[in-house]
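**Q** Under our numbering, the first residue of the sequence shown carries the number 12, and numbering increases by one thereafter.
What the hints contain is simulated information worked out from the structure, not anything from laboratory work.
All C-beta atoms in this analysis are idealised placements derived from N, C-alpha and C, irrespective of residue type, glycine included.
Accuracy of the hints is not assured; some may be wrong.
What the hints assert, rightly or not - Estimated spans, in silico, between C-beta atoms of each pair: (1) Y153 - Q41: 42 to 50 Å; (2) G154 - S89: 24 to 32 Å; (3) E36 - P135: 29 to 37 Å.
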Amino acid sequence: MEDAQATSSRVPTMMHVRCPDRLREEAYRQVLELLADLSPVVQALPPTAALVELKGALRYHGPETHRLGEVLRVRTLSRLGVDVRVGIGPSITIAATASAQVPLPGGVLTVAPDDMTDWLAPPPVEALHGIGPRQAGALHEYGIHTVGLLAAVSPETVQRLLGGKAGRLADVRAALLDLVVQLGRLLRRRGQAARAVSLTLQFAGGGN
């Protein structure tokens with residue numbers, strides 16, 4: 012068990028998959044089924060993307076998560092005629108950013124935890140998952156053109172440049188996606204399954 016935990020900490024275990032634009036709904040569902048063959052923790056991100064947590068799959072498929080991405084691409088091409096862009100990284104943001112960097116029509120890009128800082132530094136801020144054209148333009152006005160430069164700026168300064176609302180929305184989105192992964196792990200440990208999730212939002216004033 013300790014060896015498995017040590018291995019999982021050294022390899023990237025988040026996979027983000029991008030299907031072609033305007034993919035038919037039935038084909039998208041079939042891609043999700045192929046993803047479920049790799050890992051029990053799959054989160055659909057309609058209409059054409061998905062998030063996969065690979066940590067629990069390492070004991071069955073081995074520690075080479077890049078190979079799992081290649082296996083997925085071969086299966087979607089051979090069985091469905093659908094090419095996919097796969098990003099694998101140590102976090103949701105890194106995996107999603109990596110999948111966006113894969114050139115069309117498809118491929119696999121893996122970012123190891125030890126390489127994350129160096130890999131993120133050169134790309135333009137537009138390449139970072141969650142940064143849209145408006146936010147990128149605001150950063151450019153202040154001379155922040157690369158992800159590396161953005162990482163060197165304090166969170167408070169970034170929030171002032173982009174606006175508090177944009178920063179908060181990005182944080183909420185990331186938190187909810189992480190909760191999906193945590194919920195999947197909990198259900199798997201308990202041997203349970205769920206068809207729906209109820210969310211209760213608690214405001215600072217105490218109301219729901």
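**Q** A separate judgement is required for each hint: does it hold in the structure or not?
**A** Status of each hint after checking the structure:
| no. | hint | result |
| --- | --- | --- |
| 1 | Y153 - Q41: 42 to 50 Å | holds (45 Å) |
| 2 | G154 - S89: 24 to 32 Å | violated (47 Å) |
| 3 | E36 - P135: 29 to 37 Å | holds (33 Å) |
Of the hints listed earlier, the one the structure fails to meet is number 2.
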